[in-house]
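Peer 1: Going line by line, the protein sequences match chains A and B. If you're matching positions, the first sequence starts at 1 in our numbering and goes up one per residue. If you're matching positions, the second sequence starts at 1 in our numbering and goes up one per residue.
Derived from the structure by calculation, the hints contain no laboratory data. Accuracy of the hints is not assured; some may be wrong.
Derived lysine-lysine pairs resembling DSBU-like cross-links, with alpha carbons at most 30 Å apart [what the hints assert, rightly or not]: (1) A:K101 to B:K100; (2) A:K101 to B:K11; (3) B:K100 to B:K57; (4) A:K101 to A:K81; (5) B:K57 to A:K81; (6) B:K57 to A:K101; (7) B:K57 to B:K11.
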Amino acid sequence: GQSLEQPSEVTAVEGAIVQINCTYQTSGFYGLSWYQQHDGGAPTFLSYNGLDGLEETGRFSSFLSRSDSYGYLLLQELQMKDSASYFCAVLLENTPLVFGKGTRLSVIA
Amino acid sequence: DAEITQSPRHKITETGRQVTLACHQTWNHNNMFWYRQDLGHGLRLIHYSYGVQDTNKGEVSDGYSVSRSNTEDLPLTLESAASSQTSVYFCASSESRGRKAGELFFGEGSRLTVL
C-alpha cells in the first residue's frame with residue numbers, strides 16, 4: 001500500500017515563513033501535488049512537482065526530492081488569509097491522486 | 001467560465017434510503033472523481049472514471065456506485081444509505097492522465113447527513 005505523512009497542525013506568525021513537510025511511501029510514483037482548503041470550502045490546487053527541485057508560484061513554493069520520498073510546501077510572507085488546511089497528494093501510476101490527512105495551518109498576529 | 005457543480009449542497013436522509021449526488025462539469029475533462037472527506041481521514045477516493053462508460057472503484061467504494069453516460073456528468077449513488085456515510089462529498093475532474101492529472105478541479109461539496 002501507500003502512505004503519506006504530514007504534520008496535523010502548524011502555527012506561524014503573520015509575515016513569517018512556514019514549511020509544511022510531506023513524506024510518502026508508495027510504488028509507481030509520478031509526482032506530488034499540494035492543495036489548500038479553507039474551512040467550509042473546496043480544496044484548490046496550489047502546485048505540482050513531477051521532477052526534483054523547487055517550483056515557485058508567488059508567495060508559495062513547493063519542493064520535491066524523489067530519492068528521499070519527501071516534499072514540502074513553503075509559504076512566505078504569511079497572511080491571515082493563509083490560515084487553512086494544506087494537503088499533499090501523490091500521483092501514482094494508473095491511480096488517481098491519493099491525499100494525505102492534511103495540515104491545519106493557523107496564522108497568528 | 002468552465003466550472004464543476006454539485007447538487008444538492010446539503011441533504012438529510014434516513015437510513016436505508018437511496019440517495020444520488022449529482023456532479024456536472026463544463027471543463028470537458030475526461031477524468032472525474034468522487035472523494036469523501038471526514039475529520040481525521042483527509043480525502044478518500046470513492047469511485048473514478050477516465051471517460052464515458054468507464055468506472056473504477058476507489059479506496060472506499062462499498063455502498064456506492066457511479067455511472068458515466070456522457071463526459072459532463074458523474075452521479076454518485078448510495079444504494080441504501082447508512083449512518084457511516086454521513087460525510088462531505090467532493091466531486092473533481094482533471095484534464096488527462098499526464099502531469100495535469102495532478103491538478104484536480106473540485107466542486108463545492110455536498111454535505112450528506114444520514115439519520
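Peer 1: Each hint needs a verdict: does it hold in this structure or not?
Peer 2: Verification of the supplied hints:
no., hint, result
1, A:K101 to B:K100, "holds, 22 Å"
2, A:K101 to B:K11, "holds, 25 Å"
3, B:K100 to B:K57, "holds, 21 Å"
4, A:K101 to A:K81, "holds, 21 Å"
5, B:K57 to A:K81, "violated, 36 Å"
6, B:K57 to A:K101, "holds, 20 Å"
7, B:K57 to B:K11, "holds, 24 Å"
Violation of the numbered hints given earlier is confined to hint 5; every other hint is satisfied by the structure.
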